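Number of protein chains: 2
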Amino acid sequence: MGGLGEIGKNMTVVAYKDSLLVVDAGLAFPDDEMLGVDVVIPDFTYLLERQEQVAGVLLTHGHEDHVGALPYLLRDLPVPVYGTRFTLGIVKAKLKEYKLELHQDSREIQPGRWFHLGPFRIFPVRVTHSVPDAVGYGIETPAGLVVFTGDYKFDQTPVDGKGPDYDGLVELGRRGVLAMCGDSTNAERPGFTPSEREVGHTITEVFRQAPGRVIMATFASNIHRLQQAIDAAHQFNRRVAVVGRSMEETVAVARELGYLQDRGVIVELQELMKLPPERSVILTTGSQGEPMSALSRMAAAEHRRVELLPGDTVLLAATPVPGNEKLVHRTIDRLFGQGATVIYGSHAGVHVSGHGSREELKLMLNLLRPRYVIPVHGEYRHLIHHAQLAESVGVPRERILIGENGSVFEFSGEEGRIGGRVHAGAVYVDGLGVGDVGNVVLRDRRHLSKDGIVVVVCALKKDTGEILSGPEVLTRGFVYVREAEELLEEVRELVISVVDACRERQVVEWPAIKNKVRDALQDMLYNRTHRRPLILPIILEI
Amino acid sequence: MGGLGEIGKNMTVVAYKDSLLVVDAGLAFPDDEMLGVDVVIPDFTYLLERQEQVAGVLLTHGHEDHVGALPYLLRDLPVPVYGTRFTLGIVKAKLKEYKLELHQDSREIQPGRWFHLGPFRIFPVRVTHSVPDAVGYGIETPAGLVVFTGDYKFDQTPVDGKGPDYDGLVELGRRGVLAMCGDSTNAERPGFTPSEREVGHTITEVFRQAPGRVIMATFASNIHRLQQAIDAAHQFNRRVAVVGRSMEETVAVARELGYLQDRGVIVELQELMKLPPERSVILTTGSQGEPMSALSRMAAAEHRRVELLPGDTVLLAATPVPGNEKLVHRTIDRLFGQGATVIYGSHAGVHVSGHGSREELKLMLNLLRPRYVIPVHGEYRHLIHHAQLAESVGVPRERILIGENGSVFEFSGEEGRIGGRVHAGAVYVDGLGVGDVGNVVLRDRRHLSKDGIVVVVCALKKDTGEILSGPEVLTRGFVYVREAEELLEEVRELVISVVDACRERQVVEWPAIKNKVRDALQDMLYNRTHRRPLILPIILEI
Numbered sequence: 014m015g016g017l018g019e020i021g022k023n024m025t026v027v028a029y030k031d032s033l034l035v036v037d038a039g040l041a042f043p044d045d046e047m048l049g050v051d052v053v054i055p056d057f058t059y060l061l062e063r064q065e066q067v068a069g070v071l072l073t074h075g076h077e078d079h080v081g082a083l084p085y086l087l088r089d090l091p092v093p094v095y096g097t098r099f100t101l102g103i104v105k106a107k108l109k110e111y112k113l114e115l116h117q118d119s120r121e122i123q124p125g126r127w128f129h130l131g132p133f134r135i136f137p138v139r140v141t142h143s144v145p146d147a148v149g150y151g152i153e154t155p156a157g158l159v160v161f162t163g164d165y166k167f168d169q170t171p172v173d174g175k176g177p178d179y180d181g182l183v184e185l186g187r188r189g190v191l192a193m194c195g196d197s198t199n200a201e202r203p204g205f206t207p208s209e210r211e212v213g214h215t216i217t218e219v220f221r222q223a224p225g226r227v228i229m230a231t232f233a234s235n236i237h238r239l240q241q242a243i244d245a246a247h248q249f250n251r252r253v254a255v256v257g258r259s260m261e262e263t264v265a266v267a268r269e270l271g272y273l274q275d276r277g278v279i280v281e282l283q284e285l286m287k288l289p290p291e292r293s294v295i296l297t298t299g300s301q302g303e304p305m306s307a308l309s310r311m312a313a314a315e316h317r318r319v320e321l322l323p324g325d326t327v328l329l330a331a332t333p334v335p336g337n338e339k340l341v342h343r344t345i346d347r348l349f350g351q352g353a354t355v356i357y358g359s360h361a362g363v364h365v366s367g368h369g370s371r372e373e374l375k376l377m378l379n380l381l382r383p384r385y386v387i388p389v390h391g392e393y394r395h396l397i398h399h400a401q402l403a404e405s406v407g408v409p410r411e412r413i414l415i416g417e418n419g420s421v422f423e424f425s426g427e428e429g430r431i432g433g434r435v436h437a438g439a440v441y442v443d444g445l446g447v448g449d450v451g452n453v454v455l456r457d458r459r460h461l462s463k464d465g466i467v468v469v470v471c472a473l474k475k476d477t478g479e480i481l482s483g484p485e486v487l488t489r490g491f492v493y494v495r496e497a498e499e500l501l502e503e504v505r506e507l508v509i510s511v512v513d514a515c516r517e518r519q520v521v522e523w524p525a526i527k528n529k530v531r532d533a534l535q536d537m538l539y540n541r542t543h544r545r546p547l548i549l550p551i552i553l554e555i
Numbered sequence: 014m015g016g017l018g019e020i021g022k023n024m025t026v027v028a029y030k031d032s033l034l035v036v037d038a039g040l041a042f043p044d045d046e047m048l049g050v051d052v053v054i055p056d057f058t059y060l061l062e063r064q065e066q067v068a069g070v071l072l073t074h075g076h077e078d079h080v081g082a083l084p085y086l087l088r089d090l091p092v093p094v095y096g097t098r099f100t101l102g103i104v105k106a107k108l109k110e111y112k113l114e115l116h117q118d119s120r121e122i123q124p125g126r127w128f129h130l131g132p133f134r135i136f137p138v139r140v141t142h143s144v145p146d147a148v149g150y151g152i153e154t155p156a157g158l159v160v161f162t163g164d165y166k167f168d169q170t171p172v173d174g175k176g177p178d179y180d181g182l183v184e185l186g187r188r189g190v191l192a193m194c195g196d197s198t199n200a201e202r203p204g205f206t207p208s209e210r211e212v213g214h215t216i217t218e219v220f221r222q223a224p225g226r227v228i229m230a231t232f233a234s235n236i237h238r239l240q241q242a243i244d245a246a247h248q249f250n251r252r253v254a255v256v257g258r259s260m261e262e263t264v265a266v267a268r269e270l271g272y273l274q275d276r277g278v279i280v281e282l283q284e285l286m287k288l289p290p291e292r293s294v295i296l297t298t299g300s301q302g303e304p305m306s307a308l309s310r311m312a313a314a315e316h317r318r319v320e321l322l323p324g325d326t327v328l329l330a331a332t333p334v335p336g337n338e339k340l341v342h343r344t345i346d347r348l349f350g351q352g353a354t355v356i357y358g359s360h361a362g363v364h365v366s367g368h369g370s371r372e373e374l375k376l377m378l379n380l381l382r383p384r385y386v387i388p389v390h391g392e393y394r395h396l397i398h399h400a401q402l403a404e405s406v407g408v409p410r411e412r413i414l415i416g417e418n419g420s421v422f423e424f425s426g427e428e429g430r431i432g433g434r435v436h437a438g439a440v441y442v443d444g445l446g447v448g449d450v451g452n453v454v455l456r457d458r459r460h461l462s463k464d465g466i467v468v469v470v471c472a473l474k475k476d477t478g479e480i481l482s483g484p485e486v487l488t489r490g491f492v493y494v495r496e497a498e499e500l501l502e503e504v505r506e507l508v509i510s511v512v513d514a515c516r517e518r519q520v521v522e523w524p525a526i527k528n529k530v531r532d533a534l535q536d537m538l539y540n541r542t543h544r545r546p547l548i549l550p551i552i553l554e555i
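Which chain is which? The protein sequence lines are A and B, in order. Position in the first sequence (from 1) plus 13 gives the number in my numbering. Position in the second sequence (from 1) plus 13 gives the number in my numbering.
If you are wondering where the hints come from, they were derived from the structure by calculation, not from laboratory data. All figures in this text were calculated on a predicted structure; none of them were measured in a lab. Check each hint, because a few of them may be wrong.
Which copy is meant is left open, so a pair is good if it fits within one copy or across any two.
Claimed, not checked - Taking lysine to any residue pairs in the SDA-like style, the calculated list, with each CA pair at most 20 Å apart, reads:
#1 175 / 432
#2 463 / 452
#3 474 / 126
#4 529 / 539
#5 463 / 303
#6 339 / 43
#7 474 / 554
#8 463 / 448
#9 30 / 44
#10 175 / 205
#11 527 / 487
#12 339 / 406
#13 463 / 541
#14 175 / 401
#15 339 / 303
#16 109 / 323
In isolation and in its complexed conformation, chain A is listed as follows:
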């Protein structure tokens, strides 16, 4: 349903006869070209047409690209949801914002314990990722065992001590895996992804050396990174306040469920403000330069409660996600401009990925020894690289299935193939609208964004076509009006001459008149400006 040929909106349906099981329901963030779109979710039509067949939704972990579409799905399809303790904690908080609740049959699952759902037997297998309590799933169907790795890395020294369940993975492999759907995000990266603990070392050094306050920005859901900051604060006798809505929320969930040990150092911001800078730490959002985030507001000296001080050290414990570079750089420049010391960037040891690199992908393949490999979670080049890795560890090329959203991977006996397509697609969410912004609207937004709009209005006398009022010419986003008065006067004259010409030639159908006005203006304006504003002629009949 999503996640093939794209980063985000991961969602897969496992079907056996009349029973459907959904794995994850994620959202994607809009491309630069999806102007004004807030988030993108999978098109649920396929599932909505088969409502009564859906046994439930399995969640691998609590990141937006795996659970963010749940509120939209559950609104129309209220089915039970299965996930680990922390994942369900995150999801419940999210659903509350949408005034939704989990279906009463939803259940917290235990990693390492088989459970039943319809015709499926399911084994959640612990993996390590940049959020606590992540799992993959072994799903036993009468047709064979399918494994979803979920997002994973093999962290050999995980912060919470809960490493990947090698035993469980090997056990699944021993049973014989018919097909593996494997995370491809980092299939381009050589070697092993470093342990989250590497970031901990950097955090510790920064907290040790910073002469004054430390402000650390990172991903709100990276509880292990926050834990390491709290540990470092404890070590150097600092107190910690959490600032920024999404981080406050996940920290609350993590503390409540026992995933974050506060070491007695977490205090309210107003408490922190009373301490000397060298005893203060602020953990905050905005590591991606998001314009409305706490860190961006601090950098712009617009935060309501936190003002940057000389001597502050800002630690950006994250690297930019592709596409966010410019926003992040702007934030860094502004932080320097406020006089802060800023620690950031790929050379500074401030970030490690949550996704396994090439050697880890090979390790997973060797542990599971799947008959078929379906690379998932990735743009096309990632899927291709993952396929090449599978081939390199001995999976025959014909048993590696690269599909796209909507592809049906069919298995019968020991044989598998891509056997057609079902309806799949992207639905744009913009404000309260889900799906009311489509390609026409986006095309217009792109057009408007480049060259603006010219609106021409006149009132014509019914029957005769005589101009009773106007033409009025208004522009937005086209040209600075004071510098273009002459041009706009020419527009008015051109409109009058086109309308008059229509009248003389007895062209009275308004669509025809509008088209002639539009064409004439388009040519004239392009010749004069080399721009192509959207032209909107409006005729009122009196």
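Fit chain B to the supplied structure of chain A, relying on the hints for placement.
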């Protein structure tokens, strides 16, 4: 005039009494927020107000961020231009597109040879960069010697054998450098930037191993990289065609002026098409994923003359410039989708920077031993890092001057300081318009791009305010109209009720009526959609 606190539009004025000398006149590429803007150039007001004082323009090298604003400058201020042979060759070709010519007193300068210009004695000093024939300048004024490094790296094994002029730099240092304006682009990167030859090794291996055709995309002006491709083609008995307007142009200039040795392997594309794939190489543009470039068109199977074939190897001999990642990734995905083998990315040895890293910046400082350091060419964080490097090699903090566009760096005797500001700014070029798109227009474009526009028109009877026709409601980029008929009907009704209410309360001034309509619609539409389209009420008087 430009280049401080930004990447691009590098331009500096050296003033001694009544004599002005311009160093470079570059353009910048628009930010994501400068919607529809083609390029950004410095505001030349300061120079235009002092026309007769300007002795000329010195160019350091032929990149757009150093020469791209020349056509706009020379149109209004026809002064002599000084540069090396290749730089002038590039500039002449560029000016031709604008139907301009160089001032007759313009002169080709020789690296290592002093020349006079007004009260200035000038020493062009050879440096290495990712374009041939790059220089820095020592400018001797009666007040002291100022050095511009230009863009540089210390390439110890340059492809053309012409290394940096260490003797010249040391000689300038020996004379006593009052101030150095130094390139800060890579001030964040540790170590030394690898030699351009490193890319040559990758190119050679790719050409050796590729089973079929090789398509290599890189920057059009990186003649040394093209030379290495030509050499590798020659070594493996391949022929080379150049595809893509900008690359064809620079290759023509480089061949004509003797900066590119064709080894007898360059042929026309139609000739190349007759050869077997394993003897073919195409050098092309589009390494940044630019949508209209040759490579993007090939990737989208839309190139008029080149169709990708199974067995093709595409070598992206460049890494994405920040901000271009998504476009580059899309191109790579499409190339894989066409069945090509694609070699790309930071792990593949396909690119080295043209700018020196931290050790090189320190080396330059140690060779020149300037009294004052002015970090230039960089966003704020780059300037700060460059300043820290200067301090680390012994320049006292108070002699490092970090300014912004418009800052005046004043020197008198041995003393220097930032002594005020002159007018400097950014002028947006959009189509044929230079400066007619300003902040108001851009604000409207951003507004339109997010939520579109709602236009409401009605014709009112003069005096009575009675609605004679309309309201007509049109939207673009706001909502898919078929799904929103009900909403738009509500808009009409609301407009009628607001206009009627105005009539009853005898509000007859149109601006007041329009404002009431706008406010009412804004609230209603936000409540219903959580969007804020631009609302344009138009009233015609009959």
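- Task: Enumerate the violated hints, using their earlier numbering and listing them in ascending order.
- Result: 1, 3, 9, 12, 14 and 16
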